[in-house]
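Fit chain B to the known structure of chain A by using the hints.
Line order of the protein sequences matches chains A and B. Under the numbering used here, the first residue of the first sequence is numbered 1, with each subsequent residue one higher. Under the numbering used here, the first residue of the second sequence is numbered 1, with each subsequent residue one higher.
Heads up, some of the hints might be wrong.
Derived DSS-like pairs (lysine-lysine); straight-line CA-CA distance at most 30 angstroms [unchecked claim]: (1) B:K3 with A:K199; (2) B:K10 with A:K147; (3) B:K3 with A:K128; (4) A:K128 with B:K11; (5) A:K210 with B:K3; (6) B:K126 with B:K199; (7) B:K29 with A:K86; (8) A:K216 with B:K11; (9) B:K11 with A:K86; (10) B:K11 with A:K199.
To be clear, the hints were calculated from the coordinates, so they are not data collected in a lab. Note that the coordinates shown come from a computational prediction; the quantities given were computed from them, not determined experimentally.
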Amino acid sequence: MLECVLIDLDVNGNTSVNELIDKHMPFIIKSISDVTGRYVSCENDEELSVGLLGFHEAIERYDNEKGHFLSFAKLVIGSRIKNYLKGENKHQHSSLEELLDKGLEIKDEYLEQKEDNSILVEEINMLKTEISSFGFTLEDLANEAPKQQATRINAISLSEEISKDEEFTSFMYVKKRLPIKRIVLKFSVTEKVIKRSKKFIISVVIIIDKNFSVLKNWIRK
Amino acid sequence: MNKGMIMEVKKNYAIALNDEGIMDKILFKQNMEVGQKIFYFEDDVVKATANKAHRYNNFIKSFGSIAALFLLVFTFFNTMRYEQAYAVVSLDINPSIQIEADSNQQIIKVEGVNIDGKNIDFSDIKDISLNDGIDKIKEKLIAKNYLDTNREVLVGYAFIENGDNSAYVDDLKDAIQSTFKTEKVTYVKGDKEDVNEAKTKGISLGRYEASLVADEETKSKIDKAPVKDITSSIKDKENVVQWQAEDAKIADEKAKINDAPVTNINPEVKTETPLKETPPVNVPNKNAESDINNPDIEKEKDNNIKPEKNEVLVLEPEVPPIQSGKDETSTSNPSKGGTSIIIEPNGTIENNTTSGKIEENPNKTPEVPAKTDDTLVSKNTKN
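Extracted from the complex, chain B is given alone in its bound form:
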């Protein structure tokens, strides 16, 4: 027991000077006054060191919990972002491969969709750009000899978020085009729902999109049908853009250059195809449709043009997936066709100079002409 004089009263403790000249911190109790002389016990003494340690502990604790919180929050957001694919691209050669990429065109995930695809290990293709990733995928495919027998590539792509993705599409097509130079590439566009649908059906996005437009026979065996069959069955459908292998183009190149002026392209009018390559694809359709809508004179022209068009496999312009393609094109095209016909010279010149189409136009094959012709003819007759 000590006899002490209270020197200072604070919120949680008081300082007492005991009769031996020691200052002690003692617990606060009621009715304490400075100058009061009291009896106190060892129990009442607040240990200074313990107090300090406590405070230190508290600081560490709060700091630690804040740090942990930050860690949690950031890892959470990171994983969220990680899982959020911006674009989904599927490649069907024989192995079906699905690529998920983020908005910076960095590959998040590459996986095989069918059995052949799953047999290939894509785990090292990650966090690199789409371009490099597709290159690597091709290397793997070549290593496994898949590209020896299959010369056709079916590309399906879709964006998880709506908005203007035209630049992205350009880059994507560039990447694929530059990689699969010697293969025939067919593009189909899908949307978010299609990705999920394809996933539930266990087929690649490309095949799923193809199944939507393909004929019944192909549709029934869409998950197993060779890519070649699929592409051939859907090539004249809307929403499909097809590309020829490069070696085939070279032969046509000379003819193309001459033809180029004749093909009227209005890039500004184009709705969904920002690609340099796409315009030629669309041209035939426009011309065809414009022909339909326009007098016979125009038709003659069209006939002349047709041979050139033949190189282009795809008949219809890309249309946003949600809209019903045919109606759209038929309604919108007439005007385009009309304009193109009227301004023919200007339009062509512009295209040649600005977009350097001359090089691109050549990309056409002799292989397809017949078919395109047929389709065109059929359309014409229909209309």
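For reference, chain A alone in the conformation it holds in the complex:
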């Protein structure tokens, strides 16, 4: 029961089920991921919703004699996910009618997603080619992008400023580097900041300048 769960987790007695679920979202996702051995996709909520249902079921069926709630919940989520995966397999091998019904349904979703993805993939590939013309790869970017949020936000806002200035962007595309001196003069930032995250700045400028909307939205989120 919810009360038992609240006692076990030692949280405020007034917490609602929704708040509890919200709080334990990472736990649910982790449990699902552990069972499936895959990353849980944000779009494909099938697994996620099954997991949420499992979590909810766990809350309903829990009492203090069953040990810690979280381990119990993990167990329940795990078995629900397994059942779901099995059921999914069975469906694929079930009657033609059912398959057509389900298949159509799935296909629609799939198509939607595919379209969504294709733009994104295209943007990602374009970004890749762009930055490779600047002499670095996504991997370098992953290694060198500023880890501190403040630095990153600074770099992103600086990149936005730069991308607004036609002079700078054209220089960047021609010379394949940032006009560091002029940026320093114009935006009164230190050279160190730019040099340290120049690859990150370049890629953000490209994303903004080329208007990779999906990526842009993603970053701004």
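Quick look at chain B alone, frame taken from chain A:
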């Protein structure tokens, strides 16, 4: 927990752009696609630095192991080569000394074989040439006064590997000859098995070789018998080459020069003795045997020659150790003798001019003649 968009999928990891604008490397899991939006956790993030360090480590490790392997292999081969003696030379004066040398005539090891030999420290004689090494050994012997009483040197030598070692033998004999000028030197040749046999018996190679040919009395006490006794008992045996001390030679020198032409030597025919010095040694035998095989006229000549021969102690030519010496010599010599007799003048002239034997021939002593005569005579009579 992070929400990320997969930007690139590689073999072992993927790059995800999370919603804060950070690129993360995350572990590869099934069904990953570029553009997929996923939830991932800190556990899944591959630490870039750790990865780098790992790679670096790997490189160091592999490089290190390769280097270690090379080190091992080369040291192994080195020690192998180090232990592989090419030639074994033993010196018996009173201390018995055994020298191991490699194919470049560099001394690998010098050790004493009997008690006297073991009392001398040879550890500093190493990695130098045979010539220098033997010089040093002599210095040590002189320092310990061994050469005051013993004027005879018994040299045993053997090659671990078969093949043409005549040049090596030449150099070896030169080295010993130049060092022990004032001693009587007796050479005996052995082979690989003899070296091992001598080692198991705990005597020097020279003594072992001597024991093979010596009479019973000497044989029984071969490990203790004075070198002088040994050399005298084996001097007329095959496989033995003997040399006289230099001072004795000088007296004979004049006579030698006259005799030189008479001694017929066919160096080309010679089988095992490439030494300049050896030819004279062999001459008597040839002559003797040729005499045996040839008419009386030749014998007369031989008689004339004998005095000259007397200087030479060794009666028989060197024969490869494996072959049974006497048969060989007797079969091969007749032909040699015959040729030598026929071409006498030419042969002698050639020898004199080419090998400069005149100087060498003198190396003979008055001391031995009687004995050699006897032996010759006995042989003649036998035959």
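Taking the hints in turn, this is what the structure says about them:
A hinted pair counts as satisfied when its Cα atoms are at most 30 angstroms apart, and B:K3 with A:K199 qualifies at roughly 23 angstroms. Between B:K10 and A:K147 the CA atoms are separated by roughly 22 angstroms; this keeps the pair inside 30 angstroms, and the hint holds. The suggested pairing of B:K3 with A:K128 holds, with an alpha-carbon distance near 21 angstroms, which does not exceed 30 angstroms. Only pairs whose Cα atoms come within 30 angstroms are accepted, and A:K128 paired with B:K11 is accepted, the gap being roughly 17 angstroms.
Note on A:K210 and B:K3: the hinted pairing holds, with a Cα-Cα distance of about 24 angstroms set against a maximum of 30 angstroms. Taken as a hint, the B:K126 and B:K199 pair is honoured in the structure, with Cα atoms around 20 angstroms apart against an allowance of 30 angstroms. Between B:K29 and A:K86, the direct Cα distance comes to roughly 20 angstroms. Compliance with the 30 angstroms bound is thereby established for this hinted pair. Between the alpha carbons of A:K216 and B:K11 the distance comes to roughly 27 angstroms, so the proposed pair stays at or under 30 angstroms and holds.
Of the pairs offered as hints, the one joining B:K11 and A:K86 holds, with about 28 angstroms between alpha carbons and a cut-off of 30 angstroms not exceeded. With a C-alpha separation of about 24 angstroms, the suggested pairing of B:K11 with A:K199 holds against the 30 angstroms cut-off.
Checked against the numbered hints given earlier, the structure satisfies every one of them.
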